[in-house]
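Based on the provided sequences and hints, a complete structural model is requested.
Same order as they appear, the protein sequences are chains A and B. Residue numbering for the first sequence follows our numbering, beginning at 1 and increasing consecutively. Residue numbering for the second sequence follows our numbering, beginning at 1 and increasing consecutively.
To be clear, the hints were calculated from the coordinates, so they are not data collected in a lab. Note that beta-carbon positions come from the ideal geometry of N, C-alpha and C, so glycine has one too. Watch out, some of these pointers could steer you wrong.
A short, non-exhaustive set of chain A residues, derived as facing chain B with CB atoms under 10 angstroms [unchecked claim]:
| hint | residue |
| --- | --- |
| 1 | Met-50 |
| 2 | Leu-52 |
| 3 | Ser-71 |
| 4 | Asp-76 |
| 5 | Leu-77 |
| 6 | Arg-78 |
| 7 | Ile-83 |
| 8 | Pro-103 |
| 9 | Gly-154 |
Residue-level listing of the chains:
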Amino acid sequence: MIRFDNVGLRYGLGPEVLKDVDFHLLPGSFHFLTGPSGAGKTSLLRMLFMSLKPTRGQIHLFGQYCADLPSAERADLRRRIGIVFQDFRLLDHLTTWENVALPLRVFGNSEASYRDDVTDLLKWVGLGDRMTAYPEVLSGGEKQRAAIARAVIGKPELLLADEPTGNVDPNMANRLLRLFIELNRLGTSVIIATHDFQLMEQCDAPRLVLHEGRLEIR
Amino acid sequence: MPRVWSYMRVDLKFGDISGRWVDGLKTSPWLALIGSLINGPLRGKRRPGSAPIVQPASVAGRALTVVIAIMGFLACLTSGAVFMVSQSADEWFADISSEITVQVSPAEDNEIEKKVTLVSLFLAKQSGIVKVSPLSEEESGELLEPWLGDSDALSALPVPRLIAIEIDRESPPDLAVIRRSLESNFRGVAVDDHRRWKTELRTVTRSMVIGGFFVLVLVGAATVASIVSATKSAMASNREIIEVLHFVGARERFIAHEFEKHFLTIGIRAGLVGALGATFVFLMLPVVMRILSGGGLAAAEFKQFVGTAILGWPGYLLFGVVVIVIAVLCMVTSRFGVYRILKSYN
Chain A
1 MIRFDNVGLR
11 YGLGPEVLKD
21 VDFHLLPGSF
31 HFLTGPSGAG
41 KTSLLRMLFM
51 SLKPTRGQIH
61 LFGQYCADLP
71 SAERADLRRR
81 IGIVFQDFRL
91 LDHLTTWENV
101 ALPLRVFGNS
111 EASYRDDVTD
121 LLKWVGLGDR
131 MTAYPEVLSG
141 GEKQRAAIAR
151 AVIGKPELLL
161 ADEPTGNVDP
171 NMANRLLRLF
181 IELNRLGTSV
191 IIATHDFQLM
201 EQCDAPRLVL
211 HEGRLEIR
Chain B
1 MPRVWSYMRV
11 DLKFGDISGR
21 WVDGLKTSPW
31 LALIGSLING
41 PLRGKRRPGS
51 APIVQPASVA
61 GRALTVVIAI
71 MGFLACLTSG
81 AVFMVSQSAD
91 EWFADISSEI
101 TVQVSPAEDN
111 EIEKKVTLVS
121 LFLAKQSGIV
131 KVSPLSEEES
141 GELLEPWLGD
151 SDALSALPVP
161 RLIAIEIDRE
171 SPPDLAVIRR
181 SLESNFRGVA
191 VDDHRRWKTE
201 LRTVTRSMVI
211 GGFFVLVLVG
221 AATVASIVSA
231 TKSAMASNRE
241 IIEVLHFVGA
251 RERFIAHEFE
261 KHFLTIGIRA
271 GLVGALGATF
281 VFLMLPVVMR
291 ILSGGGLAAA
301 EFKQFVGTAI
311 LGWPGYLLFG
321 VVVIVIAVLC
331 MVTSRFGVYR
341 ILKSYN
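Written out as structure tokens, the structure is:
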């Protein structure tokens, strides 16, 4: 599903932040991506999401070589990936319901075709009574769940989450982890970037550990 | 409240000021209309789930609307003024082109009245001449009054007599033939076709129109620069929306289209506000001119000098062109802005 071959990344003329990254992830897998701050976790996630090009090496996503793909095809590949940002990136002028429905709307689906799905998903993540609320009045945990709901509403084959528990208390972090595990059971491959060891200890999943720009699978 | 106002948004804040006048303002449909033109429809009244993807009323969007409305107003004002000058110049030129003057020198035998009558009769028979108006001795003298004053000495002078002739602009007479005929039939008769005066007037009016166009080009350039710059600023504040749309899998064309729609609406709305403002100014101009000129003879002279100050309908059509140009400019700038931001992600 995801294959990195000898991937390296540098910003401008600076030193390589990622060196010789090699890994192969199978469909339906669950991984933590970890390492100290500044180790390159977000950069790796951005490459997985095709918003950053490697300076060397090859990346294959869903069996397709990503370099030099036309923008429309890259957009199509992105539709198969859900991403949860550390800072949520919810649009302030849209309600929770509208934020979650956004991917389906940009896919060109009619509102009638996804109205019930969005409502059900919001209820499932515990935001049934916050559907008409705007992000500015949501708590950190609610925003995080809304962001996760938006990432999974399009039934992605791969879910990327960047520090999804960074802004929530331990109790909420556990609930969110259970949510990711549940999604994984439903068939979605999951990669969670985190440096929260407590969180990782609660789930027996392989870890992609970044250290000094190199990746090791433990 | 009429239904048409019910969905319009009025963001005007009146603070704690109270009173019947202010209450009247609050409920004024005209303020509701202006408010809706600037702010767009109410956020709360839309169908659930149908919110525009691009934020309809952001601070940057409102600032952009105000900038566009002001620049649109100035552009319409300038284009209207240039059109009006050009229109007046054409009218002046047409007026002077439709008249010639025949000068009859005083005759030695003191029978100038007879000579004027004969020349007038001769001219009236010529084709292409609509009206022949011989000026009396007093009228000819009045023309010299500004230079010689009102004195009896004037009557002692051999003042030539003038015959004003209005020619048919559609089929003008052959002036060379008329000139030759007059010279062969009468002594001391000269035809003045105002050629020198026309040349000078043409130079003046052309200079005015060219000057006006130069000002229009400057205002146009300032309008374009302001709108492009303000749209870019507004686009920068929408960067997060572009980013999110990009990350949820929207195609570039979809994102560009959403922003084009948004900025086209802003451009049309703000451009219309500017054009309406300029229309109001031009509609009020004849009234202001009438008040300034004081009425009566002075008003007539003032009107002759500066024209009617009425903008013809082609002038108002120009405002429509200005609005279209502004709207297209906003749309195209936003499109380039979207692609520039997306390029940084690819």
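Status of the hints after comparison with the structure:
| no. | hint | verdict |
| --- | --- | --- |
| 1 | Met-50 | holds (8 angstroms) |
| 2 | Leu-52 | holds (9 angstroms) |
| 3 | Ser-71 | holds (5 angstroms) |
| 4 | Asp-76 | holds (7 angstroms) |
| 5 | Leu-77 | holds (8 angstroms) |
| 6 | Arg-78 | holds (4 angstroms) |
| 7 | Ile-83 | holds (6 angstroms) |
| 8 | Pro-103 | holds (4 angstroms) |
| 9 | Gly-154 | holds (7 angstroms) |
Against the hints set out earlier in the document, no violation occurs for any number.
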